[in-house]
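Chemist: Protein sequences appear in the order of chains A, B, C, D and E. Sequential numbering from 2 applies to the first sequence in our numbering. Sequential numbering from 2 applies to the second sequence in our numbering. Sequential numbering from 2 applies to the third sequence in our numbering. Sequential numbering from 2 applies to the fourth sequence in our numbering. Sequential numbering from 2 applies to the fifth sequence in our numbering.
A few of these clues could be false.
As the list claims (entries may be wrong) - Here are some of the chain D residues that sit facing chain E, going by a computed Cβ distance under 10 Å:
(1) GLU62
(2) ARG181
(3) ARG183
(4) LEU204
(5) HIS276
(6) THR324
(7) ILE326
(8) PHE334
(9) ALA340
(10) MET360
(11) PHE362
(12) LYS365
Quick caveat, the hints were computed from the structure, so don't treat them as lab data. Just so it is clear, CB atoms sit at the ideal spot from N, CA and C, and this is done for glycine as well.
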Amino acid sequence: MNLTRTSKKYLRYIVPSLLLGPERTKEILTTSPNESIIRKDAEATQITVYDYNEKEINEHELTSIKESFSFKVNNHVTWINVDGIKKNDVEIICDYYDIHPLLTEDILSLHQRPKMDEVENVLFCLLNMLYFNEKKKIVEQEQVSVALGKDFVITFQEDPERDVFNPIREKLKQSHSKVRQRGADYLCYAMLDLIVDNYFHVLEKVGERIEEVEEEIIHERTKRSLAHINQLRKELIVLKRNIAPVRDLIAGIIRSESDLLQDRTTKYFKDVHDHIIQAYDLSENYRDIILSMQDLYINNINLRMNEVMKVMAIVTCLLAPATVIGGIFGMNFDIIPTAHNAWGFYTAVGLMLLIPVGMLFIFKQRGWF
Amino acid sequence: MNLTRTSKKYLRYIVPSLLLGPERTKEILTTSPNESIIRKDAEATQITVYDYNEKEINEHELTSIKESFSFKVNNHVTWINVDGIKKNDVEIICDYYDIHPLLTEDILSLHQRPKMDEVENVLFCLLNMLYFNEKKKIVEQEQVSVALGKDFVITFQEDPERDVFNPIREKLKQSHSKVRQRGADYLCYAMLDLIVDNYFHVLEKVGERIEEVEEEIIHERTKRSLAHINQLRKELIVLKRNIAPVRDLIAGIIRSESDLLQDRTTKYFKDVHDHIIQAYDLSENYRDIILSMQDLYINNINLRMNEVMKVMAIVTCLLAPATVIGGIFGMNFDIIPTAHNAWGFYTAVGLMLLIPVGMLFIFKQRGWF
Amino acid sequence: MNLTRTSKKYLRYIVPSLLLGPERTKEILTTSPNESIIRKDAEATQITVYDYNEKEINEHELTSIKESFSFKVNNHVTWINVDGIKKNDVEIICDYYDIHPLLTEDILSLHQRPKMDEVENVLFCLLNMLYFNEKKKIVEQEQVSVALGKDFVITFQEDPERDVFNPIREKLKQSHSKVRQRGADYLCYAMLDLIVDNYFHVLEKVGERIEEVEEEIIHERTKRSLAHINQLRKELIVLKRNIAPVRDLIAGIIRSESDLLQDRTTKYFKDVHDHIIQAYDLSENYRDIILSMQDLYINNINLRMNEVMKVMAIVTCLLAPATVIGGIFGMNFDIIPTAHNAWGFYTAVGLMLLIPVGMLFIFKQRGWF
Amino acid sequence: MNLTRTSKKYLRYIVPSLLLGPERTKEILTTSPNESIIRKDAEATQITVYDYNEKEINEHELTSIKESFSFKVNNHVTWINVDGIKKNDVEIICDYYDIHPLLTEDILSLHQRPKMDEVENVLFCLLNMLYFNEKKKIVEQEQVSVALGKDFVITFQEDPERDVFNPIREKLKQSHSKVRQRGADYLCYAMLDLIVDNYFHVLEKVGERIEEVEEEIIHERTKRSLAHINQLRKELIVLKRNIAPVRDLIAGIIRSESDLLQDRTTKYFKDVHDHIIQAYDLSENYRDIILSMQDLYINNINLRMNEVMKVMAIVTCLLAPATVIGGIFGMNFDIIPTAHNAWGFYTAVGLMLLIPVGMLFIFKQRGWF
Amino acid sequence: MNLTRTSKKYLRYIVPSLLLGPERTKEILTTSPNESIIRKDAEATQITVYDYNEKEINEHELTSIKESFSFKVNNHVTWINVDGIKKNDVEIICDYYDIHPLLTEDILSLHQRPKMDEVENVLFCLLNMLYFNEKKKIVEQEQVSVALGKDFVITFQEDPERDVFNPIREKLKQSHSKVRQRGADYLCYAMLDLIVDNYFHVLEKVGERIEEVEEEIIHERTKRSLAHINQLRKELIVLKRNIAPVRDLIAGIIRSESDLLQDRTTKYFKDVHDHIIQAYDLSENYRDIILSMQDLYINNINLRMNEVMKVMAIVTCLLAPATVIGGIFGMNFDIIPTAHNAWGFYTAVGLMLLIPVGMLFIFKQRGWF
């Protein structure tokens, strides 16, 4: 049998689009936290430095990674942002700023689990910025590494096209903003807060998608609902995989009692912790709602099936006696009772009508309608 | 095919009412603990101050938020209740009463997870008052913030229409009531106790709704039971989302060992803690019962389906031989055995009756009835 | 359609008895740990006092609660048992024996979660005695409060008809019994041990009910098995709700290191703790067995359904060709091949028999029997 | 309807044997850790004493329990093994060897949960030896109590027929064996190790049974697979009930820091702990595999059902038009078109064949084969 | 009935290959951590010694186990690798290098749970190297034991054919590599890191297999998807069984504070710990995806079944009236109305067409298409 032709019809039930079947599963399942798989170098990197204190702020666009060396020792807070990961550049700057080789490896790795570490006076966070791709209806992630040292923050982002930290840039330019008035630890907090806040935007988008699918199911707008539910379950796996470890990450920062964190900043991290817990709770709720929706869908399909089957059963039952009666009087015997009577035909047809009426009465009593 | 017409019939299975489908999901899924989404200012706010000690009590209706400043330092316990959230007002009063800007943000936020915090000599609780909307059969929530300071309690409520704390007002007016004889911490306890007690009212209402739906299922009063079960599952998500974090909130207060709490008040908070744990247990029990009810419903539908299908199968089987016999003797061959016999017709009809009787006997032996 | 008539037939599947449907759910779901719902005073109360030491024992039947005051200070261990809760009486005795008002409230409350508290030199336990109502096949509960003080135990029971502590009375009368030779803490242990031991009796009864239902399912004695399983799941909710918190209660007593408990009594409480953990494990096992039984039932029903449907499918298939052949030769054409042959009829009938035999052969090969 | 006859046929699906239905459930559910249910005294007891040190070993067969008294104080390690529980004997020996009455009660009890206790210089373990009954395919248990005191171990077994500790006896007879060279604590370890090792034998047997049932399911050797799966789930409950508490038991011994245990023995108990954890993990894996097997079975049954129903649907559909055509030309109208044509019959029959072929073509395109 | 013939057809649904049915279950379920089951000695063993410090490295191929004795005391780091387990050899070397007999037993055992132990100045790890057998599509495991002592590491592998540690050998040969510059603890870390990194390779392969099966399900390439899903569930059990305990193993090393581990090595073990947690999370995600895939498969099959059944129901219903009408006018009564009219036949056939059209209209309105 030609299977490709066969499946054409049924594909509509379970293939949401060419991009969202096993290809998405592949993306989700890919893993390589080990060194051996080397990240392809970004084609271009963009390095910007913000050097600021309460009074002034200087923005520098660097052309070479080595230009960043001059900012290590000064009285300003320095934020070096590297957009686009090139192995060489990362190793040079990490080496200069005393970031442990293991952390450098983490920055260079792909598909890392969000983690937090404090090694030799550097507080290191690695987590994923999440975006919701409106077109593909999937959750995309970009790995962000934040290294907080004495009076400096170095951040690494994968995608030079989009910059996660733009809102912080805006705030830095305003001299009265808190981020300007406080130290590097507050800058680090502001970054984590921004990323976690963004999780809620993504959750909201996924939430909207859940509503859409529920709408679809209730109004039966499409036969692909099963595929859509399946896809949503995958996206939730992505969400939870990114959100759950960030709870430990932030809790780890709060517990670390690092000298890099001022006491007055701790309560800000606690606030982020509250948010990330809420994000996790939400993703749990989403899961409950999706499972409940799947139950609703399947049960609804079954109820309809039942209805159709019941009608079929009843029609078949009601018409069966008529067929038999027709057969009886259609037999070619010489002697058929009432065959020569004028009212014979009408009696037979009458029986054909009366018996179903009687059956209907019985069925109603038994409650089959 | 016209889907909107198609769905008309089936909508009755899964659409409980226009208000309770995906719209309810949307409400549940909406989240915005971040600053960026700004709460719309209430149209009107109502600010009342109760200034009391064991001997006297004064009630003031304020027209401007700044009138509340005068109550900060006096020997009385002061309760300032703000009904309706206006960003400006909240910021002014919080600033004056030394409530940390992060807490002020929490008060102004929407859809916050219940939380407790102790920042600079203010014990802050944010939780949701729950109501059961009898008409829509849904659980509604109103965010309540309670800030306990030295000799004052400031509360913020969203809805100026309904006042959560009316029963406390009543008690305050009675000079012999405990709440009058004790300090601000007892007032704070009384508020939390009131809110938690109200959870039981809501649980009871949801419980009544569960009974209604179980009644529906057993007596098959409606075809929308599936929708009702689905909706109850959503309401339980709302309940658990509000109740679960309050456990931590109250446990946090007990553990805080804050100077604001007198030793003799602790056991009252422990009592509230016992209650909130019971509320949580109950919501777990409700979930078990709803899932068990869903099983009952689906299995019951299937049992009925089985019954109908079995009867159909049997009727079809019993009548099938008759149809064949009718067909055999209805064939237009010249020579049909017994066709010219007087008893031919009766033999054929007799067979039509005897064969089903034999089949019935076999079916009974096999236990298909 | 008249639904009440309709449901008559199906009620037998899911209504075990008028007492065990939603009414039971209602009982389970009812909750009111708050003050506002006031317990109706018992019509009669029975107050007995046992005043004993190693050498002598005196039993007093009190007519007024105030007569109990005289037992507070003496060198004997005093057990005051109040059967039937009257608000006034409870408040008077609790006040006199320095039981904290919050505990008094607990005693007066309904549907409390089992709890343990140590307030101002009184160790307080509230838990439920369970009974299995053989007639209704449900688990009934009676709230028992035990207050252990210096040299006294005060107990409160709801139902004056049945006395939980009769076996202890018997032992008290024997001068050589341990309960006589030890202090009030041992008396308290004996009470908890009695209650926990009784849980096993109830578990055993529920276990017997589970066996009955399993027996029903396997021998298909009734069509109400689904209802019985559903009911058992409800009873297990009641059991777990009562047993689970008692674990914490007893662990709380062991951890409390109260002066009221002698060191040598601790190991007795540890023994009770072992028992309650076993009771909890058992209720978990029961749940597993019930869920496994439900799977068995549903799958069994489906297997039977499959069997019936398969026979129907085969009979229909086997007879269908005969009907068609009958139809072919029943057509009123002038020229029908073989119609005038002597063997025409027999050929046709032969075909009617041969084709099904051939089909049967194919079906057997495909393994459909 | 005669139900006993009815069920004959279906019993084969769900009754594995007369011994393994509700009777097994009854055995599993029976519980009585309380005193009230008294164990029936064994008909015969066998008391053996091994008195040994590194150099010599003496074996004594006692006729009366009191003969064991003489071994209490000597420089040898003494192992008293009591096979068969008689209340009187147990109380006498426990009393003499200072075993606390609560522990004596535990030894005498039935269906105890495995537990460990240290009371007044006696380390007490109660656990169950498991056997797999090859004939009944069930897990059997025998309660074993081990009391470790200063230089003595007293063990109590239920069944005098089979002796759990035979392998230890063998080792004791070899003067170079570790058990001879070390103290009573090592003897106690050897006993627990033996029992835990035996759990793996039982697990292996249950594992073989799981394979058998999987084999059955895949090759459809029997219709009782559902019953077998159900039974395996019950046996797993028995296994987990016995294994899970032993983890705590052994962990309790390691944590106890009892003077009875030498430091160098601790690592042996840690080894047993590793084993018992592995046994628990395995029982979890077994559960997963059984549930996965049940899914496979049910889904497989449904796939077959689908196949049969699809063929039936198609045959019915294909033959239906032929029946109608036969009916049309079988009508007794005077004027039937083509009725008098020579090719009329062949046209009709041709239509009967062509229409199904056309339908087949459509069905294939829709992918229904 | 001949069952072997019967099952031929259905085997294709659930037998993936002769190697992957119950045989695989058997492999998974086999357990024997106890001494009694003795591992068969390897036919050949290969013993290699690497003796190195920062400056030089010597590789020795030993012919007898006793040659390894000479490396115990020197200033070099010594790695003795034993490929192939012979009881005698293992006991000799372990005895000489002061590895505790209990650990020697572990090395000799089969199917051990991964574990870590520190006994008398030897840090011992036992875990499984995992491979994915591309041909059989199963996860294979090889037990690896690593004993870290003062300046030496002894490793034991089961399979002399394949050597797990080849990459480490490569690195050892490079004098500038970290493993050369650091001590035995770093060598031990490198080994664990290698094994854990390999888990990701296996996870990736299993992930690819999941994609393949999802592809199969969506494009319905085979009827064995159920078997493939079932098999994947088994492989995941193997994965989790191996990965889960390694978390504790590595955490145990980090917590051990052994003198054998230098401070600067700890962060490397923390890095491995991060990886193993990620591996565990991934295996959890895999489980979710497989279960979601199974849901998709079953629901998809049911949707198709529904579609087929609906068409059958409709065709049957539409044709049933035609059959009855044919029967009515086929009856052999003398007087049949319209029988002698010219338009009688056409009226009847017209009715046969009109009634289904009317039914179709009703069905469409009810939404059954």
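Chemist: Please go over all the hints and tell whether each is borne out by the structure.
Modeler: Hint check results:
At its closest, the beta carbon of D/GLU62 sits 28 Å from a beta carbon of chain E; the interface hint therefore is violated under the 10 Å criterion. For D/ARG181, the interface hint is violated, since its Cβ never comes within 10 Å of a Cβ in chain E; the closest pair sits about 16 Å apart. For D/ARG183, the shortest C-beta to C-beta distance to chain E is roughly 13 Å, which exceeds 10 Å, and the interface hint is violated. At a threshold of 10 Å, the smallest CB-CB gap from D/LEU204 to chain E is about 6 Å, leaving the interface hint in force.
For D/HIS276, the interface hint holds, the least distance from its beta-carbon to any beta-carbon of chain E being 5 Å, beneath 10 Å. Hint on D/THR324 holds. Least Cβ distance to chain E is approximately 6 Å, under the 10 Å limit. For D/ILE326, the interface hint holds, the least distance from its beta-carbon to any beta-carbon of chain E being 9 Å, beneath 10 Å. Taking 10 Å as the C-beta contact cut-off toward chain E, the hint placing D/PHE334 at the interface holds, the least distance being around 4 Å.
Taken as an interface hint, D/ALA340 checks out: its beta carbon lies about 9 Å from the nearest beta carbon of chain E, inside 10 Å. Taking 10 Å as the C-beta contact cut-off toward chain E, the hint placing D/MET360 at the interface holds, the least distance being around 9 Å. At about 15 Å, the closest approach between the beta carbon of D/PHE362 and any beta carbon in chain E exceeds 10 Å, and the interface hint on this residue is violated. With its C-beta approaching chain E no nearer than about 13 Å, D/LYS365 sits outside the 10 Å limit, and its interface hint is violated.
Comparing the model with each numbered hint stated earlier shows that hints 1, 2, 3, 11, 12 do not hold.
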